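K.L.:
Residue strings, one per chain:
2 protein chains.
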Amino acid sequence: MPNRSVFFVSDGTGITAETFGNSILAQFSAKPRHVRRPFVDSAEKAGLVANEINATALREGKRPIVFVTLVNAQALEIIHDSQGLVFDMFKTFVEPLEKEFGMTSNHRVGRFSDVAKSKEYNDRIEAINFSLDHDDGQSTRNLELADVVLVGVSRSGKTPTSLYLAMQHGVKAANVPLIPEDFERNQLPSMLVPHKRKCFGLTIDPERLAQIRHERRPNSKYASLENCRYEVQAAEQMMRRESISWLSSTHKSIEEIATTILRDIQPDRLIY
Amino acid sequence: MPNRSVFFVSDGTGITAETFGNSILAQFSAKPRHVRRPFVDSAEKAGLVANEINATALREGKRPIVFVTLVNAQALEIIHDSQGLVFDMFKTFVEPLEKEFGMTSNHRVGRFSDVAKSKEYNDRIEAINFSLDHDDGQSTRNLELADVVLVGVSRSGKTPTSLYLAMQHGVKAANVPLIPEDFERNQLPSMLVPHKRKCFGLTIDPERLAQIRHERRPNSKYASLENCRYEVQAAEQMMRRESISWLSSTHKSIEEIATTILRDIQPDRLIY
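Protein chains in written order, with this note's numbering: chain X, 167 to 438; chain A, 167 to 438.
A few of these clues could be false.
Copies of the same chain are indistinguishable here, so a pair counts whether it falls within one copy or spans any two.
What the hints assert, rightly or not - 20 Å max Cα-Cα, derived SDA-like pairs, lysine to any residue:
1) K228 <-> F267
2) K211 <-> S414
3) K362 <-> R406
4) K197 <-> N288
5) K257 <-> N188
6) K197 <-> P262
7) K265 <-> D254
8) K364 <-> N393
9) K228 <-> D301
10) K387 <-> T426
11) K362 <-> R383
12) K228 <-> T270
13) K197 <-> Q334
14) K228 <-> P198
15) K211 <-> L309
Bear in mind the hints are in silico, worked out from the structure with no lab data behind them. Just so you know, these numbers come straight off a predicted model, no measurement behind them.
Generate the whole structure from the sequences, applying the supplied hints.
P.N.:
As structure tokens, then:
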């Protein structure tokens with residue numbers, strides 16, 4: 167789908183508009199051009215964006231798709247009056263909810279503006295710092311404060327998953343590698359033993375692992391298919407024996423892995 | 167708002183349903199209980215969730231709010247027939263878009279299932295690894311591959327912002343601290359000089375900085391208000407002289423900071 171544009175227009179960062187819009191666009195095999203217009207918090211700025219939308223409609227011969235998350239009524243009207251096909255999540259969903267709750271919505275402009283002071287936000291930042299400090303078994307200090315401890319062989323996907331858990335869900339996720347020494351001793355790293363209940367394993371196809379490791383350390387023993395097969399098999403055997411749940415990261419996104427982990431481990435801080 | 171539940175029901179990870187729902191709930195001063203039900207990909211599983219919704223309605227005396235992102239028509243019908251107030255982003259927005267595009271949507275179950283193989287996904291993972299490897303000036307290698315280089319005093323918010331840029335936008339964000347030695351020499355770290363065009367600065371209120379640093383190193387010179395005032399002032403002076411744009415992270419979320427950076431730097435990879 168060349169010559170077709172999608173606008174994301176928001177009075178804040180536009181992340182909600184874009185996530186919302188992308189989840190809808192993902193249902194189509196189309197690849198339209200994305201145009202982001204964040205911080206549109208006045209009628210004047212909305213007017214400029216409406217002009218852009220109209221110019222694009224003229225140029226492309228098709229009306230642009232427009233995802234808006236605007237609470238300023240005047241700005242919203244200006245966008246609605248443009249030549250775009252406007253999808254308005256607030257009008258469609260917030261208004262019915264006002265009736266159901268029997269209360270008016272905040273209709274705040276700049277919804278993120280006091281986020282930086284909120285407890286939830288500070289918990290997320292704290293979780294990111296915790297996950298970084300406890301990446302790759304770097305620190306065994308305060309492991310009892312972790313909500314989740316990811317285990318698995320080197321390059322099985324532990325680091326991006328722990329950072330995602332921290333950033334998206336405010337979950338303190340440590341990660342500890344299972345290394346050849348552990349397999350030789352045939353014992354779980356001792357620091358993990360008191361925290362087995364919070365452990366979750368990641369495994370990966372040996373072929374894919376070898377490929378990833380080759381990019382980091384080409385032609386090393388570490389990256390050889392034979393060694394990858396040995397490590398993966400030994401790690402799975404250990405996790406099975408220790409009753410640690412695990413899944414394979416090979417064909418899963420970090421979003422999917424994180425969701426499965428939270429469903430299985432159910433960290434206390436997420437039960438509310 | 168005690169005694170009121172919100173369900174997020176999805177055939178995938180539920181992240182879209184939850185982001186979508188939370189952006190709407192954020193418009194209200196209500197704090198309902200959240201119930202996540204991911205991976206609902208069959209009529210049978212939908213039936214179990216519908217039973218839960220009905221039991222909750224009975225117990226709370228109010229119909230639960232239900233955000234769904236289900237593409238399986240049968241599962242969707244079962245949820246719609248429950249006693250919840252159902253908000254359905256696909257029905258509301260995907261169907262009109264099918265008409266507009268003149269094509270049927272994929273209506274795929276498990277929209278994330280092939281994500282792990284996509285170029286966009288691999289770019290994101292690569293960007294996360296890049297940002298980790300280039301955290302806190304650790305590596306000056308390949309700085310020319312960075313899309314963005316964040317600069318600022320220690321603990322001004324560079325690390326969480328670079329990780330967010332990588333994870334959310336697939337942007338390779340390095341970060342380099344400005345330290346007292348740089349201020350004494352009164353020169354930008356030499357590794358930054360060839361990349362000034364990609365640099366973006368973060369600053370922070372000295373009071374807030376002192377508070378954050380005290381948590382890490384209580385009663386140190388590093389954390390003292392006097393030293394924080396000196397470093398912040400020197401860093402701002404340097405960024406002004408070198409014409410590096412910057413903003414204050416004190417009252418901003420990482421989402422807001424990231425959006426502003428992308429708007430100003432406009433990395434090539436995001437222009438599509």
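K.L.:
A separate judgement is required for each hint: does it hold in the structure or not?
P.N.:
Do the hints match the structure? See the list:
1. K228 <-> F267: between (39 Å within a copy, 10 Å between copies)
2. K211 <-> S414: neither (47 Å within a copy, 23 Å between copies)
3. K362 <-> R406: within (12 Å within a copy, 51 Å between copies)
4. K197 <-> N288: For K197 and N288, only the inter-copy Cα distance (18 Å) is at most 20 Å; the intra-copy one is 36 Å.
5. K257 <-> N188: both (19 Å within a copy, 15 Å between copies)
6. K197 <-> P262: between (32 Å within a copy, 17 Å between copies)
7. K265 <-> D254: both (18 Å within a copy, 17 Å between copies)
8. K364 <-> N393: Close neither inside one copy (28 Å) nor across copies (40 Å); limit 20 Å.
9. K228 <-> D301: Answer is neither; intra-copy 49 Å and inter-copy 44 Å both fail.
10. K387 <-> T426: neither (32 Å within a copy, 44 Å between copies)
11. K362 <-> R383: Classified as neither: same-chain Cα gap 31 Å, cross-chain 31 Å, threshold 20 Å.
12. K228 <-> T270: between (37 Å within a copy, 18 Å between copies)
13. K197 <-> Q334: between (26 Å within a copy, 19 Å between copies)
14. K228 <-> P198: Within. Shortest intra-copy distance 12 Å satisfies the 20 Å Cα cut-off; inter-copy 42 Å does not.
15. K211 <-> L309: neither (49 Å within a copy, 36 Å between copies)
Hints 2, 8, 9, 10, 11 and 15, counting from the list given before, are not met by this structure.
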